[in-house]
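**Student:** Chain residues, written in single-letter form:
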Amino acid sequence: MSEHHDPSNVTNPEHAEHHIVGPKTYIIIFATLLTFTGLTVAAAFVNLGIFNPIVALLIASIKAVIVMLFFMHVYYQSKLVKMTVVAGFFTFLILITMTLTDYISRAWGMW
Amino acid sequence: MDNALAANHTHEAGETHEHVFVPQHRHHFETEQQQREAGTFGMWLFLLTEIMFFGGMFFAYLLYRNWYNPAFVAASNQLSIPLGAFNTAVLIGSGFFMALAVWAAEVRKKSLLVLFLAITTLLGFTFLGVKYVEYHEKWEKHHIPGEHFDVSEFVNPKAFGLKETPLAPDMAAKTQVFFSLYFAMTGMHALHMIIGIVLLFWLMYRSQRGDFSSGYVAPIENFGLYWHFVDIVWIFLFPLLYLINRHP
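Those protein sequence lines, which keep their order, are chains A and B. Residues in the first sequence are numbered consecutively from 1, following this note's numbering. Residues in the second sequence are numbered consecutively from 112, following this note's numbering.
Where hints are given, some of them may not hold.
[Said to hold, decoys possible] Across the chosen pairs, the derived CB separations fall in these ranges: (1) B:K252 with A:F89: 33 to 39 Å; (2) B:G272 with A:S78: 56 to 62 Å; (3) A:L69 with B:F260: 40 to 46 Å; (4) A:K79 with B:D281: 25 to 31 Å; (5) A:F45 with B:R137: 50 to 56 Å; (6) A:L58 with B:F294: 22 to 28 Å; (7) B:F170 with A:L58: 15 to 21 Å; (8) B:W178 with A:M98: 16 to 22 Å.
[Stated by the list, open to error] Here are the simulated lysine-lysine pairs, DSS-like style, with alpha carbons at most 27 Å apart: (9) B:K220 with A:K24; (10) B:K252 with B:K242; (11) B:K249 with B:K220; (12) A:K82 with A:K24; (13) B:K221 with A:K24; (14) B:K274 with B:K252.
By construction, these hints were calculated from the structure, which means they are not laboratory data. Glycine is no exception: its CB is placed at the ideal position from the N, C-alpha and C atoms.
Using the sequences and the hints, build the whole thing.
**Tutor:** Structure below.
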């Protein structure tokens, strides 16, 4: 595929070559995501008690990370982009954790 | 090199240094690579605001599910898993073809690029079609929150052949909270898909014109980021709305 790595193909000649992800990777990712979809449906019909939502969210998170790393090319991006993505999710987690901490502790000991 | 103009400059030292000009390269960026990275960075910043936007609704879901758990269990079991799972597969497939479209643009295959964008669009429409069927069923059963909301299936499930635990009328009324969140979340998701499909038509037109098959990939790539983000939202919506309370 090196013929596509000429200067006009978005990459400046003085920089490292731009990574092109090929169909083979995408097919593997596609199959993996469909497998996880099947898995999450199957897991929903098994009674795991309080672990049902945890398993469902865990599988969803794995799928989301796979989509971001490969379909969204984060895996091949610069550190700046990787940091941006991680910082965004980290901020969101802080918001959720802080709000839940408040929510849980408002009526502490009164339940 | 078809869209690049190469020029040789002889510097004072006498060495030859090649300068490459690509039409999409704006002068305020040092290199094309820097321009492309700035674009990706900006697109991700936009997507982070989208995470916060959907995140608020996910958080509302989390709290209300905690408060009115029996109502959420009963209302969630009204949704069709086969339709939801089918739609998940359709969206993943559409994301797959969008990823292939980015590849086709990178390797400059114009007809493949247009074809992959068209399949992406088609799968987007399929998703919305299934969503229409699901919404229509809710409309017919009076499960749209509001004045005409009908709680009878939740108060007396046996009469409808359902195996759910009957809910007290006040808890049954709270199934409206679930359906409000269901319509708000899937509705905002569907709106994002509709906007995406409009953009896809514009991208197909420009791809057909040959804009993205000579080394200029950024618009296709950045749209791909948006489309995959919409996929990710659904990847979380599906288990949370359809699956979480399903075990017998």
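**Student:** For which of the previously enumerated hints does the structure constitute a violation, in increasing order of number?
**Tutor:** Numbers 4, 11, in rising order.
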